[in-house]
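Protein chains in written order, with the working numbering: chain A, 3 to 252; chain B, 3 to 228; chain C, -7 to 222.
Don't read these hints as lab results, they were simulated from the structure. The model shown is predicted, which means the values in this text are computed figures rather than measured ones. Be aware that one or more of the hints could be misleading.
Unchecked claim - Per label pair, the in silico range of CB-to-CB distance:
#: 1; chain 1: A; residue 1: Glu203; chain 2: C; residue 2: Gly18; range: 28 to 34 Å
#: 2; chain 1: B; residue 1: Pro148; chain 2: C; residue 2: His(-4); range: 50 to 56 Å
#: 3; chain 1: B; residue 1: Val84; chain 2: A; residue 2: Gly133; range: 21 to 27 Å
#: 4; chain 1: A; residue 1: Lys84; chain 2: C; residue 2: Leu75; range: 20 to 26 Å
#: 5; chain 1: A; residue 1: Glu203; chain 2: B; residue 2: Val27; range: 44 to 50 Å
#: 6; chain 1: B; residue 1: Glu24; chain 2: A; residue 2: Glu203; range: 38 to 44 Å
#: 7; chain 1: B; residue 1: Leu218; chain 2: A; residue 2: Glu98; range: 47 to 53 Å
The C-beta atom is built at its ideal place from N, Cα and C for all residues, glycine as well.
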Amino acid sequence: MRLTKILPALALALGLASGASAADKLKIGTEGAYPPFNMIDEKGKVGGFDVDIAMALCAEMKVTCDIVTQDWDGIIPALVQKKFDAIVASMSITDERKKAVAFTDHYYTNKLQFIAPKASSFSPALDALKGKVLGAQRATISGTWLEDKVGKTATVKLYDTQENAYLDLAAGRLDGVLGDKFVNYEWLKSDAGKAFEFKGEPVFDDDKIGIAVRKKDDKLRQRLNDALAAIRANGTYEKINAKYFPFSIY
Amino acid sequence: MNFEVIVENLPKLLDGALLTVELVVFSSLAGLALAFPLALARCSPRPWLRAGPWAYIFFFRGTPLLVQLFLVYYGLSQFEAVRASIFWPILRDAWWCALITMALHTAAYIAEILRGAIQAVPRGEIEAAHSLGMGVWQAQRRIVLPRAVRIALPAYSNEVILMLKGSALASTITLLELTGTARTVIARTYMPIEIFLAAGVLYLLISFALVQVFRLLERRLGTYAC
Amino acid sequence: MNLHGFGDQLLAGTLLTLQLAFASLGVGLALGMAGALAKTSRNAAARWAGSTYTTVVRGVPELLVVLLVYFGASQVLTMLAELVGIDAYVEIDAFTAGTIALGLTFGAYATEVLRGALQTVPHGHVEAAQALGMGSGRIFIRIVMPQAWRVALPGLGNLFLVLLKDTALISVIGLEELMRKSAIAVSHTKEPFTFYMAAALIYLGLTVAAMTGLALLEKRAARGFARRTA
Chain A
3 MRLTKILPAL ALALGLASGA SAADKLKIGT EGAYPPFNMI DEKGKVGGFD
53 VDIAMALCAE MKVTCDIVTQ DWDGIIPALV QKKFDAIVAS MSITDERKKA
103 VAFTDHYYTN KLQFIAPKAS SFSPALDALK GKVLGAQRAT ISGTWLEDKV
153 GKTATVKLYD TQENAYLDLA AGRLDGVLGD KFVNYEWLKS DAGKAFEFKG
203 EPVFDDDKIG IAVRKKDDKL RQRLNDALAA IRANGTYEKI NAKYFPFSIY
Chain B
3 MNFEVIVENL PKLLDGALLT VELVVFSSLA GLALAFPLAL ARCSPRPWLR
53 AGPWAYIFFF RGTPLLVQLF LVYYGLSQFE AVRASIFWPI LRDAWWCALI
103 TMALHTAAYI AEILRGAIQA VPRGEIEAAH SLGMGVWQAQ RRIVLPRAVR
153 IALPAYSNEV ILMLKGSALA STITLLELTG TARTVIARTY MPIEIFLAAG
203 VLYLLISFAL VQVFRLLERR LGTYAC
Chain C
-7 MNLHGFGDQL LAGTLLTLQL AFASLGVGLA LGMAGALAKT SRNAAARWAG
43 STYTTVVRGV PELLVVLLVY FGASQVLTML AELVGIDAYV EIDAFTAGTI
93 ALGLTFGAYA TEVLRGALQT VPHGHVEAAQ ALGMGSGRIF IRIVMPQAWR
143 VALPGLGNLF LVLLKDTALI SVIGLEELMR KSAIAVSHTK EPFTFYMAAA
193 LIYLGLTVAA MTGLALLEKR AARGFARRTA
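Pulled out of the complex, with its shape left as it was, chain A reads as follows:
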């Protein structure tokens, strides 16, 4: 998951969060450019796994919720400035972010996994990656992984968007793409992804995704955690999960 813009977040560490949010109405921030987790359709409507989870939590807490979209780089500052009360946008729980915001328990676990053409004998073993041309999105854990592990032995190409990496994989410019497993999964289901498949096991499998709230909103964090536990227990979570993936992503 993406790590961009820790910087404003750090600038915020001493920020101006205060007071608890209104009990009956919550504003939820998301990005809207990260299918299938959060995306905007051609009519401008926001949907996706994150949004469904957010709505389920709101129903569980018996509050009405508005979904607000915000670009990724400005999403933590906007939370602290109270543009909204919580971020449900597939955000990785990281130590750097914890300096600026507080996280709930995780609501899914991301994994990083390679995809490559079905016809190729691609393998994610470090030795086998030597000399390959590999792509990932810039400023993501995947990009960092590639640079750290094979930056010297393979050609690493970093893209502004995940989509452009897929376009190049489909065009045959890349031997493989490293990305978030579930986002890759979504692309493999599309027409463009037909000739490609996952290769090997995930290279990293413990990227916890949580909901961010302002540090001082501990009450809200508790309520979200309780609601999360409740929808996990009563089957709502499973239903939403099944709508997007035929396997558990918790």
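On the provided structure of chain A, position chains B and C as indicated by the hints.
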């Protein structure tokens, strides 16, 4: 300001700067070569000969370089026929795509500069050439073009500086030239101000060096004399 | 050309592109005027500031200026706020950052155009206005600017055409203008050529419209001046 992070990443940035210079030099030269036939055809008295270059120049000057770059890099690969063609080994390479797009782009601008310069060659000199018994082509080659090149040189040097600035867009198609390198370093260090400023200084140094080269060239060609 | 239902989105992007272009034009004209006045000033420090501004901005890629403003400005502003004792975070959104960055670039080139134009106004006109008892502000607005404007217009017009195309750079920081909307459509349809070509044609249309508008403006500004054909 954290100067340590600049020093630490300077070798990477210099590598990027080298690629930037490479892109600018090659695309400016290729653009110049393309621009000559374009400008000559554009000045032709025959309308059917003028139409092609006119449309070419109109398209490349009327649309953003970023769109042109994406059309060549991502757009062309939409077609199976392109990927199956003999051009694919070149078009699949980001370096070539950047170079080709930049050359096509700058050629449109240089062609207009050359056209202006060709038209600025004094009529009397051409008539003098004709009266010496030179044919149309000979007069073009020996009188008009050399004169036009000298007249166009200052404007061409401006165009090369614009290409230096345009080359930053190559970072959007994965090339690690100066801007691309800076962005990649920032994704790790979270020090945008330091790294971008360092990159900015390198760009200023490159453009200063280019200006000096053109000043020498202008002196050699005696632009000041006319 | 089949746009798969993304026509409305491209239209919305085009509108945002236009908003961005005109907002940047406003900022850029103000900066250009300030730069021109600084460069023609009798104050050496002002002249130095003016030429540093134009040299630096004109030698650095527009994309770098955009990225620096977007990623750097909030950091700087927050530090400035801390210096004066305000504990706040200043957020710069993509539109604001884009407007500032494109305005900065436009302003640097406009400085040269406006400086040249200001110098074409005969000094005698200013002296005559002074003799009539007009204040310096009034002289600038009623005597100098109307004449300089006519001279500057073609140059500023060319800069606006460049600005219009440079708005595409703001897509890199996520503003959903025409270029970004096209990229979103590409991610849904996997047809990059179709949508980038559609974007190119729209930019061409905007360029033609802008050129037409500029020709009208130039004609208007030239009222009262002798025409060569007359």
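Going through the hints against the structure:
no. : hint                             : result
1   : A:Glu203 - C:Gly18: 28 to 34 Å   : violated, 56 Å
2   : B:Pro148 - C:His(-4): 50 to 56 Å : holds, 53 Å
3   : B:Val84 - A:Gly133: 21 to 27 Å   : holds, 26 Å
4   : A:Lys84 - C:Leu75: 20 to 26 Å    : holds, 24 Å
5   : A:Glu203 - B:Val27: 44 to 50 Å   : holds, 46 Å
6   : B:Glu24 - A:Glu203: 38 to 44 Å   : holds, 40 Å
7   : B:Leu218 - A:Glu98: 47 to 53 Å   : holds, 50 Å
Checked against the numbered hints listed earlier, the structure breaks hint 1 alone; every other hint is satisfied.
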